[in-house]
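Read off the chains here:
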Amino acid sequence: MKSVRRAKLAPETPLVGRTASTHSLRSNGPEGDANGADDWLPPKVLLKPPGQLQLTDTELNEEFTRILNANNPNAPQNIARFNHREKAFKASPNVDHLVVHFEFDGYLNYRNVDESSAPPEPKPEEAVGQEQPTTETATEPLQSADGEKAEDEKKSKGPLRNQFNFSERASQTINNPYRERSTNTEPPPQRIFSDTVNQWSIYDAYLEDLQQKEKAKAKGGGAKGQKDEDKHILPAEAHTEDVYYKNADLRKSLTIVERMANQNTFDDIAQDYKYWEDASDELAGSKTGTLLPLWRFVCEKEKRKQVTALCWNSRFSDFFVVGYGSYEFSKQGPGMIGGFTLKNPSYPEFLYVTDTGVMSLDFHPQHPSMIAVGLYDGSVAVYSLQEKGNGPIFKSSPKGGKHTDPVWQVCWQKDDLDGNANFFSISTDGRVTQWTLLKTELAHTDVIKLHLELSSPPTATQQPTTDPLHTETTDDPLFNLAGGSSFDFHKKLDHLFVVGTEEGRIFKCSKEYNNQYLLSFEGHQMSVYTVRYNHFHHNIFLSASADWTVKLWDHDEEKPIMSFDLNSSVGDVAWAPYSSTVFAAATTDGKVFVFDLNENKYEPICEQQVVKKAKLTHIAFNPFEPVLLVGDDRGAVISLKLSPNLRKRSKDPEDEPTKLKNILLVAMGKPPAD
Amino acid sequence: MTDLGSTANLAAPDKSAGASADKGEDKDPKKNFNYPLVRVCDMAEELRVEAVDMVVTAVEKHPGNFEAAAQNIKELMDKRCGNSWHAVVGEGYGFEVTHEMRNLLYMYFGGNLGVLVWKAS
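Taken in order, these protein sequences are the chains called A and B. Counting from 1, position 83 in the first sequence corresponds to residue 69 in this note's numbering; the numbering is continuous, with no gaps. In short: position in the second sequence from 1, add 1, done, that's this note's numbering.
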């Protein structure tokens, strides 16, 4: 770079001063003379330019001092620039004196400096060389080959990398497509309102308000009355929220979903219901059967109530109604009617609430939507499942021949000659009443009054327990009616029926004879809870009583044919619909007894504890399926499946009556008729 | 009838006074008319009670200065339930406004003032 610098300065020197150059030449002269070394050079001839000043020696010897400095004489001395900050012109003291007249970058390199090896790269041959001592086994020729290779590499690297030899490469990724999205909210609803304010309108408004207030005050209680009104309005409004539950379509789908959930939950029970048969029944010699508990029907609302009635629907094999009430005199309250289906054990299909406890229920055999209900307060009612309302379609009025005591049993009868549906009811007030459903009202007719004095003909065969009652009747007319507690109609002869009383007597009555019994059956000592005619042998009936016995009667005989002691008060008894010889009884100690007289005339073929700590109140056979229902006094209804031994029937249904007849003949000590 | 509910408590003392001054009503009826009387209200019950209170306090705070009262009402309502409330206080004026539903109060106060408060953003 020094050379460059020199070269730059070189042309400057002559400019600086011509006199200086001459001066230097002069000074060189005596130097060269002194040395004598420059003799071989041609002699210097001073060429004087024409027009040169002729100066005297003194003038020539005169000294002129001239100082050289680094300032550029051509550079401006007084640069003034506008200063924006101070908003004024300012002289800038910094003047650039550097002038570049020539610039040249050299291309020469020093010999010793090898630029190609300038970057310190780890050289592979060195590494090989270092490894050499460790790998002693390597042969000589290989080593030389290595060396050659290294040299080649060196050559291939070349003397210099061409710095211009590069290529530019570029790529572009795909731009994500743009998407535009926008939403528009609806502006809040608006309304236009206009009016005019002026003094008279304000005055009028105040005056009107004043008058209104006075009027409200005059009405009496003003604000109080208003509050009452509000109270009336509010619950009604709250009620409307439930309306969508009453939507018929939604209700239907909800029912289906509920049943699906129940089917899932109670799948094992459903499987048992359909397919389970007790294997032990098939063992040879096994004559006993078992009852398999299936679903348990409890409704939370009726937990504190007793099951007082059970009735299967006459058309739908899975449907039954349960009456809830109380048998205890001191624990009476509102009753309920719950309709259950086997398809939904968790919640009743419908619920009717009654003012007093329900005591009895009956489905109409031809119109399966009609339910006759007997209540604790002595009234009877008819509910129709087809009606939307929550109330009965018919209800006996207090003045219209209502019973004065609980209605223990109701029973539909064939429609009368005019085609009106009618049913019978029996109550402890000693009346059997027929109720006819007319268009607008429930007409009543007392069919019979259970007179005690008539009931006890002056014979010596009276039960001692009825004696005091009988003697009292003459004195006290209050007691001259027997308390009816149950009845049943003859299956074939419409007018015939038997009545069980609280005194233990059973009477055979006819609708035709108003105040006379056809026959009086003696045998029970306590209240007769149930009497039931056999489905096949029409003259035979069963009675269940609180005196622990179930008795079998022929309605032409005064004495019972058979008697079964069950060691506990018998709540209910029912004939099986499929066999003439099978019946079941429920007792207050929680047991269910099933008898098949064809198998065993003395012992039940099944005696099973169904509930613990609860009394069984009612029992009902399903008319189609081998299922038995029992109700207890805690509001639960249990369904039981009858094992094969409990549902044996004759091959020919025609044989059923004779099967029973033969057994009874044997029981009465007569030879069986063939 | 809803109006009665709101003004019942305020009007209660007036009642007795009004009853006694029944005969003298012609002389100075305006004396009894100093309670707020809601003419038209399209508001939730809670808001209405609050708004009526606001109007009453604002008008009583700036007696005779309707502009300041209106300004006060507007600011209070903006703070209470969002922007762009408008208030008009005056003795006589006509108007036709577009308001958001459920956000309008038109009432008389003090026997000679009409106050209109509405929301429109």
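Source of the hints: derived by calculation from the structure; they are not laboratory data. Among the clues, some could well be false.
[Stated by the list, open to error] Okay, derived cross-link-like pairs now, SDA-like style, lysine to any residue, Cα gap no bigger than 25 Å in a straight line: (1) K545/A - G469/A; (2) K75/B - I178/A; (3) K587/A - S496/A; (4) K201/A - K62/B; (5) K199/A - R49/B; (6) K75/B - R52/A; (7) K62/B - K435/A; (8) K329/A - G655/A; (9) K477/A - G386/A; (10) K545/A - D404/A; (11) K238/A - Q176/A; (12) K329/A - T342/A; (13) K645/A - P630/A; (14) K199/A - M44/B; (15) K80/B - K647/A; (16) K199/A - E51/B; (17) K199/A - P37/B; (18) K329/A - E263/A; (19) K80/B - P175/A; (20) K75/B - Q176/A; (21) K477/A - K329/A; (22) K75/B - G469/A; (23) K80/B - K587/A; (24) K260/A - R237/A; (25) K199/A - K80/B; (26) K238/A - F305/A; (27) K75/B - Q185/A; (28) K201/A - N35/B; (29) K75/B - S180/A; (30) K201/A - P37/B; (31) K62/B - N184/A; (32) K203/A - K62/B; (33) K637/A - A600/A; (34) K199/A - N35/B; (35) K201/A - K80/B; (36) K435/A - N376/A; (37) K381/A - K435/A; (38) K80/B - T171/A; (39) K273/A - K545/A.
Do the hints match the structure? See the list:
no.: 1; hint: K545/A - G469/A; verdict: 21 Å, holds
no.: 2; hint: K75/B - I178/A; verdict: 19 Å, holds
no.: 3; hint: K587/A - S496/A; verdict: 31 Å, violated
no.: 4; hint: K201/A - K62/B; verdict: 34 Å, violated
no.: 5; hint: K199/A - R49/B; verdict: 20 Å, holds
no.: 6; hint: K75/B - R52/A; verdict: 91 Å, violated
no.: 7; hint: K62/B - K435/A; verdict: 89 Å, violated
no.: 8; hint: K329/A - G655/A; verdict: 48 Å, violated
no.: 9; hint: K477/A - G386/A; verdict: 29 Å, violated
no.: 10; hint: K545/A - D404/A; verdict: 39 Å, violated
no.: 11; hint: K238/A - Q176/A; verdict: 41 Å, violated
no.: 12; hint: K329/A - T342/A; verdict: 29 Å, violated
no.: 13; hint: K645/A - P630/A; verdict: 19 Å, holds
no.: 14; hint: K199/A - M44/B; verdict: 23 Å, holds
no.: 15; hint: K80/B - K647/A; verdict: 97 Å, violated
no.: 16; hint: K199/A - E51/B; verdict: 23 Å, holds
no.: 17; hint: K199/A - P37/B; verdict: 14 Å, holds
no.: 18; hint: K329/A - E263/A; verdict: 20 Å, holds
no.: 19; hint: K80/B - P175/A; verdict: 22 Å, holds
no.: 20; hint: K75/B - Q176/A; verdict: 19 Å, holds
no.: 21; hint: K477/A - K329/A; verdict: 31 Å, violated
no.: 22; hint: K75/B - G469/A; verdict: 84 Å, violated
no.: 23; hint: K80/B - K587/A; verdict: 93 Å, violated
no.: 24; hint: K260/A - R237/A; verdict: 28 Å, violated
no.: 25; hint: K199/A - K80/B; verdict: 34 Å, violated
no.: 26; hint: K238/A - F305/A; verdict: 17 Å, holds
no.: 27; hint: K75/B - Q185/A; verdict: 23 Å, holds
no.: 28; hint: K201/A - N35/B; verdict: 20 Å, holds
no.: 29; hint: K75/B - S180/A; verdict: 19 Å, holds
no.: 30; hint: K201/A - P37/B; verdict: 19 Å, holds
no.: 31; hint: K62/B - N184/A; verdict: 22 Å, holds
no.: 32; hint: K203/A - K62/B; verdict: 33 Å, violated
no.: 33; hint: K637/A - A600/A; verdict: 38 Å, violated
no.: 34; hint: K199/A - N35/B; verdict: 15 Å, holds
no.: 35; hint: K201/A - K80/B; verdict: 39 Å, violated
no.: 36; hint: K435/A - N376/A; verdict: 34 Å, violated
no.: 37; hint: K381/A - K435/A; verdict: 22 Å, holds
no.: 38; hint: K80/B - T171/A; verdict: 24 Å, holds
no.: 39; hint: K273/A - K545/A; verdict: 29 Å, violated
Consistency with the previously given hints fails for numbers 3, 4, 6, 7, 8, 9, 10, 11, 12, 15, 21, 22, 23, 24, 25, 32, 33, 35, 36 and 39, ordered from lowest to highest.
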